[in-house]
Amino acid sequence: MIRIADLRHRLLDIPGLAVDARHIAVIGPNGSGKTTLLSVCSGIEEPEAGSVLLLDRPPSAVKVGWVGEFPDRTLLFSRVYDEIASTPRFRHRPCPETDRAVRAVAEVVGIRHLLGKKVAALSGGEKALVALAAACAGDPEVLVLDEADSHLDGVTAERVQRVVRESAAAHVLWCTQSMDVAATADCVLFMENGRVRHHGTPEEVFSALEETCFYPTLWRVSR
Amino acid sequence: MRVELADLVFSQDSFTLRGSGTFDEGVHLVSGPVGSGKSTLALLLAGLLRPERGAVRRHGVLTTQLLLQFPEHHITSPTIAGEAASWGLVPEDALALAELSARADDDPFHLSRGELKRLTLACALLRDPDLLLLDEPFSSLDCTAKRRACRMLEKRDAGITVVFSHERAVLPRVDAIWEMEEGVLAARGSVPDAIPSWQHAPPYLRCALEQGARPMNIRLSDAREALCRIRG
Numbered sequence: 001m002i003r004i005a006d007l008r009h010r011l012l013d014i015p016g017l018a019v020d021a022r023h024i025a026v027i028g029p030n031g032s033g034k035t036t037l038l039s040v041c042s043g044i045e046e047p048e049a050g051s052v053l054l055l056d057r058p059p060s061a062v063k064v065g066w067v068g069e070f071p072d073r074t075l076l077f078s079r080v081y082d083e084i085a086s087t088p089r090f091r092h093r094p095c096p097e098t099d100r101a102v103r104a105v106a107e108v109v110g111i112r113h114l115l116g117k118k119v120a121a122l123s124g125g126e127k128a129l130v131a132l133a134a135a136c137a138g139d140p141e142v143l144v145l146d147e148a149d150s151h152l153d154g155v156t157a158e159r160v161q162r163v164v165r166e167s168a169a170a171h172v173l174w175c176t177q178s179m180d181v182a183a184t185a186d187c188v189l190f191m192e193n194g195r196v197r198h199h200g201t202p203e204e205v206f207s208a209l210e211e212t213c214f215y216p217t218l219w220r221v222s223r
Numbered sequence: 001m002r003v004e005l006a007d008l009v010f011s012q013d014s015f016t017l018r019g020s021g022t023f024d025e026g027v028h029l030v031s032g033p034v035g036s037g038k039s040t041l042a043l044l045l046a047g048l049l050r051p052e053r054g055a056v057r058r059h060g061v062l063t064t065q066l067l068l069q070f071p072e073h074h075i076t077s078p079t080i081a082g083e084a085a086s087w088g089l090v091p092e093d094a095l096a097l098a099e100l101s102a103r104a105d106d107d108p109f110h111l112s113r114g115e116l117k118r119l120t121l122a123c124a125l126l127r128d129p130d131l132l133l134l135d136e137p138f139s140s141l142d143c144t145a146k147r148r149a150c151r152m153l154e155k156r157d158a159g160i161t162v163v164f165s166h167e168r169a170v171l172p173r174v175d176a177i178w179e180m181e182e183g184v185l186a187a188r189g190s191v192p193d194a195i196p197s198w199q200h201a202p203p204y205l206r207c208a209l210e211q212g213a214r215p216m217n218i219r220l221s222d223a224r225e226a227l228c229r230i231r232g
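In order, the protein sequence lines correspond to chains S and L.
Going by UniProt numbering, the first residue of the first sequence is number 1, and it counts up by one from there.
Going by UniProt numbering, the first residue of the second sequence is number 1, and it counts up by one from there.
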């Protein structure tokens, strides 16, 4: 369960919201506050006023895996292996356990062949996959993806979706500009000017957006 | 006016790019998975990378402009107006086209990614080069901004435009489709004939094709029109 109460932070203004869905898609125009909401929900930023609770705890007490839009900004180490290993290493996990976790998650994300490579030699999409692997290496309770699919082709984006679907995280908060992806979520939040304008099932939210370009393209051709 | 790739070969570490073909006047879409070599091909076409073998031959192309995937890599000025001026443009025109007139004196880094993208795209279009290369012009934009960008592109009525993109929802009207797969450039040909053989076609187009529709171009509106024609 994600509970937001009287939240005011930068442009965000969310009086109250309780979402009890696993896969939550956050959509809306550029500059509507999606990234800010995700930052507050993952504990990267403390809200100026109000509160956010994930699984009845403040975000700082929850294991959150974060995948940003620009992996260049979050990748810390020069080798792919070290980047993914950083999550268990920062938690002082023993070396054999760390190694097992890195290899297991690399297998799941499909990037085993990249483990020995330098991060600088990767393409933008490969970096996004490494960032996803690093986020998943810590067995996150909540997985947060901030337009992680903006720079991915269809095949890679589908791989990210599969990994996210199969992860053990209790909640996935996924901000995306792909409405076809958002249409597969359990719950959709449509944001505008810092507010949650619509929330509910994809059916409910997109029926309110049928006149806009936010309506899923696949629904337009298949209904 | 055309750009010819003659048995182009370019290698970097374990990656090798190969390509042959001719880019005539009009809008070309180069699609393909991440890491397939789209950005490398853009740099080769722009003359910023030198091929190992073969050649990029420009015929009648006097000016070339490459729009980088990450718009902040273009920034050279502390103000938005200054940034537009650095492209050799009248700032008012560029800012009006980018719908940023009120932000002339702001720092370009205070713009959102989408706004910055709009600014660089407007500048590149106003330069009106013979060869315009756009590397992922739609990534990070919301659908409203993508549509606006497509309309700006479609208004360009001369020269060669090459759009390198993996976009799957909002696309411009194009004249030809190319695909990159593991470093190899393949020409699918002119639209609409190229559409059925387009491997990376967006889901809505694939869905329309599966229902027996034959869209005249690649936009969502083209797919819907084609469906209306067969459904009556």
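Derived by calculation from the structure, the hints in this document are not laboratory data.
Even for Gly, the Cβ is constructed at its ideal location relative to N, Cα and C.
Just so you know, not all the hints are guaranteed correct.
Only some residues are given here: those of chain S computed to face chain L with a beta carbon under 7 Å [what the hints assert, rightly or not]: (1) N30; (2) E97; (3) D99; (4) V108; (5) I111; (6) L115; (7) V119; (8) G125; (9) T156; (10) E158; (11) Q177; (12) N193; (13) S222.
Residues of chain L placed beyond 12 Å of chain S at every Cβ, according to the derived structure [stated by the list, open to error]: (14) A55; (15) G114; (16) R118; (17) R147; (18) E167; (19) D175; (20) P196.
Taking the hints in turn, this is what the structure says about them:
Interface restraint check for S:N30: the shortest CB-CB distance to chain L comes to about 3 Å, inside 7 Å, so the restraint holds. A distance limit of 7 Å between C-beta atoms decides the matter here; for S:E97 the minimum to chain L is near 31 Å, and the interface restraint is violated. Because the beta carbon of S:D99 sits about 25 Å from the nearest beta carbon in chain L, more than 7 Å, this interface hint is broken. For S:V108, the interface hint is violated, since its Cβ never comes within 7 Å of a Cβ in chain L; the closest pair sits about 18 Å apart.
With 7 Å as the threshold, the beta carbon of S:I111 stays out of range of chain L, its nearest partner Cβ sitting at about 11 Å, so the hint is violated. Proximity of S:L115 to chain L is violated relative to the hint, the smallest CB-CB distance being about 15 Å (cut-off 7 Å). Hint status for S:V119 relative to chain L: violated, with the closest Cβ pair at about 14 Å, above 7 Å. A cut of 7 Å between beta carbons decides the hint on S:G125: the least distance to chain L is about 2 Å, and the hint holds.
At about 5 Å, the closest approach between the beta carbon of S:T156 and any beta carbon in chain L falls short of 7 Å, and the interface hint on this residue holds. The beta carbon of S:E158 is not positioned within 7 Å of any beta carbon in chain L (closest approach about 10 Å), and the interface hint is therefore violated. Given the 7 Å rule on beta carbons, the hint for S:Q177 holds: about 6 Å separates it from the nearest Cβ of chain L. At about 13 Å, the closest approach between the beta carbon of S:N193 and any beta carbon in chain L exceeds 7 Å, and the interface hint on this residue is violated.
Nearest Cβ of chain L to the Cβ of S:S222: about 6 Å, under the 7 Å cut. The hint holds. Look at L:A55: its CB is around 25 Å from the nearest CB on chain S, clear of 12 Å, so calling it non-interface holds up. Look at L:G114: its CB is around 3 Å from the nearest CB on chain S, not clear of 12 Å, so calling it non-interface is violated. Chain S draws L:R118 into its interface by the beta-carbon criterion, the shortest separation being 9 Å against a cut-off of 12 Å.
With a minimum CB-CB distance of about 6 Å to chain S, L:R147 fails to clear the 12 Å threshold, and the non-interface call is violated. The beta carbon of L:E167 sits about 9 Å from the closest Cβ of chain S, which is not more than 12 Å, so the claim that it is off the interface is violated. For L:D175, the condition that its CB be more than 12 Å from all CB atoms of chain S holds, with the nearest at approximately 22 Å. Non-interface call for L:P196 relative to chain S: holds, since the shortest CB-CB distance, roughly 16 Å, exceeds 12 Å.
In this structure, the hints that do not hold are numbers 2, 3, 4, 5, 6, 7, 10, 12, 15, 16, 17, 18, in rising order.
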